[in-house]
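Trainee: Take a look at the letters that make up each chain.
Protein chains: 2
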Amino acid sequence: MTNKKKRILGIDPGLAIVGYGCIEVSGNRMRPVEYGVIRTGPEDDLAVRLALIYDGCAALFSRLAPDEAAVEELFFGRNVTTGMTVSHARGVILLSLRQHGIHLCEYTPMVVKRTVTGDGRADKVSVQAMVQRLLGLGSVPQPDDAADGLALAICHAQHSPLAALLGERKGPAVKRPKKQGT
Amino acid sequence: MTNKKKRILGIDPGLAIVGYGCIEVSGNRMRPVEYGVIRTGPEDDLAVRLALIYDGCAALFSRLAPDEAAVEELFFGRNVTTGMTVSHARGVILLSLRQHGIHLCEYTPMVVKRTVTGDGRADKVSVQAMVQRLLGLGSVPQPDDAADGLALAICHAQHSPLAALLGERKGPAVKRPKKQGT
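The listed protein sequences derive, respectively, from chains S and F. In this text, residue positions in the first sequence follow the working numbering: the first is 67, and each later residue adds one. In this text, residue positions in the second sequence follow the working numbering: the first is 67, and each later residue adds one.
By construction, these hints were calculated from the structure, which means they are not laboratory data. Check the hints yourself; a few may be wrong.
It does not matter which identical chain is used: a pair holds within one copy or between any two.
[To be verified] 25 Å max Cα-Cα, derived SDA-like pairs, lysine to any residue:
id : residue 1 : residue 2
1  : Lys70     : Thr106
2  : Lys72     : Val114
3  : Lys72     : Asp111
4  : Lys71     : Ala188
5  : Lys190    : Leu200
6  : Lys72     : Thr174
7  : Lys71     : Leu112
8  : Lys70     : Leu112
9  : Lys70     : Pro227
10 : Lys72     : Gly107
11 : Lys70     : Thr148
12 : Lys190    : Pro209
13 : Lys72     : Leu112
14 : Lys71     : Thr151
15 : Lys70     : Gly122
16 : Lys190    : His166
17 : Lys70     : Leu201
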């Protein structure tokens with residue numbers, strides 16, 4: 067746990083909207099860098115929308131140059147179709163992270179809520195209020211998907227120092243993908 | 067419906083194994099060009115496996131230069147986890163097809179079986195036997211995933227002349243994604 071600055075990018079995958087939030091962490095201080103969304107429209111074929119997400123991610127990852135990324139782990143107990151559609155987009159996002167050599171961790175919505183608010187069942191408004199407070203933002207970050215991206219980044223900032231510490235003792239607790247040609 | 071040669075690539079998506087089969091169609095004649103699989107191992111992270119599939123597809127599409135592709139439409143009524151995992155890989159495959167400007171159609175396993183054997187509930191062995199017979203192969207194509215790729219290509223060869231014909235009358239029945247920078 068050093069005071070070296072680290073950029074963390076949180077990503078909330080989706081086909082119509084990919085939410086993202088980037089923060090800079092130094093010791094136990096966090097500051098917002100940028101947040102927003104990548105949108106695709108239903109008028110386009112699935113393959114076209116995936117290409118838009120891929121190109122959008124590539125531009126984003128190059129511009130923000132995050133050290134690490136936190137991606138929401140999907141859970142669709144009932145809506146299989148939605149789960150499979152979002153997974154197409156998520157595959158493209160993970161591919162792009164890999165091609166940019168960005169270390170990624172995955173967190174379930176419950177872990178994110180618990181880490182950010184102390185309550186794994188917290189509602190959206192409570193999570194957004196805590197994101198605003200923790201990052202000292204003048205207003206609640208909008209849209210929801212961008213706020214979710216920031217919440218993921220905050221969640222990872224809280225978890226990664228512990229993971230790094232454990233990693234010094236018994237190998238990396240947070241797996242870092244091996245380098246490979248992009 | 068002309069006698070111009072057309073190359074069709076059938077793709078059976080998966081994370082551990084992507085099966086493919088390429089055929090050349092001229093009028094109502096079909097001949098096999100190549101079939102095989104792209105494999106990834108469980109020892110690698112999901113993002114690494116997706117990158118291997120992406121790189122494998124890029125090499126394959128460049129080498130075979132198919133005019134059109136037929137990709138299996140996923141249906142996982144019960145196993146949501148498997149459906150979501152395969153969808154990650156499928157997203158990367160659709161992205162690569164799009165980047166190579168290859169027109170794609172999707173077919174459910176039932177349509178493929180019905181088109182190839184006449185029975186939508188045909189078993190694997192019957193489908194493979196018909197694939198072998200229709201393409202005049204010396205033996206049953208192996209592994210199963212490659213045979214599935216060939217079956218998808220044959221299915222598309224049977225459907226696309228009709229779709230093209232309908233397209234001449236009332237717009238494309240088979241949607242062709244709009245061109246976009248690769």
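Trainee: If a hint holds in the structure, say so; if it does not, say that too.
Mentor: Outcome of the hint check:
Taking the shortest alpha-carbon separations for Lys70 and Thr106, neither the intra-copy value of 36 Å nor the inter-copy value of 36 Å comes in at or below 25 Å. Taking the closest pair of Cα atoms, Lys72 and Val114 come within 25 Å of each other only across two copies (23 Å); inside a single copy the shortest separation is 33 Å, beyond that limit. With identical chains, the CA atoms of Lys72 and Asp111 are at most 25 Å apart between copies only, with a shortest distance of 23 Å across copies and 37 Å within one. In this assembly of identical chains, Lys71 and Ala188 lie within 25 Å of each other by CA distance neither inside one copy nor across copies; the values are 30 Å within and 60 Å between.
In this homomeric assembly, Lys190 and Leu200 come within 25 Å of each other (Cα to Cα) only inside a single copy, at 15 Å, whereas the closest approach across copies is 57 Å. Taking the shortest Cα distances, Lys72 and Thr174 sit within 25 Å of each other inside one copy (22 Å), while across copies they are farther apart (46 Å). When the C-alpha separation of Lys71 and Leu112 is checked against a cutoff of 25 Å, the pair qualifies neither within a copy, at 38 Å, nor between copies, at 28 Å. Taking identical chains as interchangeable, the C-alpha atoms of Lys70 and Leu112 are never at most 25 Å apart, the minima being 41 Å within one chain and 29 Å between chains.
Taking CA atoms no more than 25 Å apart as the test, Lys70 paired with Pro227 passes inside one copy only; the shortest distance there is 12 Å, against 62 Å between copies. With identical chains, the CA atoms of Lys72 and Gly107 are never at most 25 Å apart, being 33 Å at best within one copy and 32 Å at best between copies. Taking the shortest Cα distances, Lys70 and Thr148 never come within 25 Å of each other, neither inside one copy (40 Å) nor across copies (40 Å). Taking the shortest alpha-carbon separations for Lys190 and Pro209, only the intra-copy value of 12 Å comes in at or below 25 Å, while the best inter-copy value is 48 Å.
Taking the shortest Cα distances, Lys72 and Leu112 sit within 25 Å of each other only across copies (24 Å), while inside one copy they are farther apart (35 Å). In this homomeric assembly, Lys71 and Thr151 never come within 25 Å of each other (Cα to Cα): the closest approach is 36 Å inside a single copy and 34 Å across copies. In this assembly of identical chains, the alpha carbons of Lys70 and Gly122 never lie at most 25 Å apart, being 28 Å within a copy and 38 Å across copies at closest. In this homomeric assembly, Lys190 and His166 never come within 25 Å of each other (Cα to Cα): the closest approach is 31 Å inside a single copy and 40 Å across copies.
Taking CA atoms no more than 25 Å apart as the test, Lys70 paired with Leu201 passes inside one copy only; the shortest distance there is 18 Å, against 62 Å between copies.
Checked against the numbered hints above, the structure violates hints 1, 4, 7, 8, 10, 11, 14, 15, 16; every other hint is satisfied.
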